[in-house]
Amino acid sequence: MVSGKVVVVVLIVLVAAVCTFRFWPSDERAIRKQLAVIEESGFKEPTEKSIEALFKAKQIAELFSDPCRLTVTSANHVGEYPRKQIQDRILMVRASYTQASVALHDMTIDISETNTAVVRCTIRLRGEGRGEAIADVHELRAEMGKIDGKWLLTAVEIVEVLER
Amino acid sequence: MATSRLRRFLMPDLKRRFVLRLLLVILAAVVVFTQILIPLRIEGRSMEPTYDDGGFNFCWRGRYLLSEPERGDVVVIRFAGRRVTLLKRIIGLAGDTVEFRNGSLFVNGQWVKEPYVRMPSDWNLAARTVEPGKVYVVGDNRAVALDRHHLGQVEQKRILGGVVW
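These protein sequence lines are chains U and G, in that order.
If you count by numbering that gives the first Met the number 0, then the first sequence holds residues 0 to 163, one letter each, in order.
If you count by numbering that gives the first Met the number 0, then the second sequence holds residues 0 to 164, one letter each, in order.
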């Protein structure tokens, strides 16, 4: 009888510990939540309206600091870009797809004591544009900073895994 | 007799030894299929006709433990992690000069016969030398436009392993 009670208590403590670990607010969780916006707002249905597209592009652009350093060597985009320009670019890229989905995989987050973080992940884009299926994968290295209580992307680099 | 055996197999008594054996099997399966033989679901057409879209394979992590990658090997290349990988064929090793002329591959100035390439190609890529510690990889489907095909030199340490078949 006593051992049964002990098992129940141990189980309750374990569940409480797991819940605390899982749901306790932390910087890592805040960063993951921020970056989840890329997946949510990157998603596009064929029936998407222009106003919705603009709203989603704005939501993604708001993840970037103003300005933000971008390094996309293959597309010759290297330098500091204002948020508005980033938003326009996102809008343009999304418009080239009739439908699209974005997924972030294998994310690692290193947070330093100075309210900065380095994020590495694989970004995968799948969609359809001009009647044909498009799939693209890149490795992403991003620096983030906690600005006014919000984690924003201060530098984003597409890592050249394959160099032509 | 056979029925009772089948019944015991499907619904065994949860004895201590059985639970221990079950846990060991689960542990072994987790270790094997996350560290040694990683399941791959092939998406995309860049390795056709050798590997078709929707196909299945395993990445054998031990492939290059005792040997170095060679030209012609099909390798699995990782990005930030192992969840999303690329399946490509090595066409050049460090120090090699790689070039495409009207779809034909030239390594160190010599034409290379590629029996695995079945689709016509018009690729033209100027000669480039593979840097130390890297290999040059490309897909077997050369019918895809060059600017839309993932190819290039990649760090050897990004090779996760080879494919099983």
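Since the hints were derived computationally from the structure, they do not count as laboratory data.
A hint or two may mislead.
As the list claims (entries may be wrong) - Covered stretches of chain U (in silico footprint by chain G; criterion: 3 or more residues with CB under 8 Å from a CB of chain G, positions within the stretch not fixed):
1) 70-78
2) 92-106
3) 129-142
As the list claims (entries may be wrong) - Among chain U residues calculated to face chain G with C-beta under 10 Å, some are:
4) Lys-32
5) Val-158
6) Glu-159
7) Val-160
8) Leu-161
9) Glu-162
The structure displayed is predicted, hence computed values, not measured ones.
All C-beta atoms, glycine included, are put in the ideal place defined by N, C-alpha and C.
Task: Hints violated by the structure (numbers, ascending) - done: Numbers 1, 4 - these are the hints that the structure violates, sorted from lowest upward.
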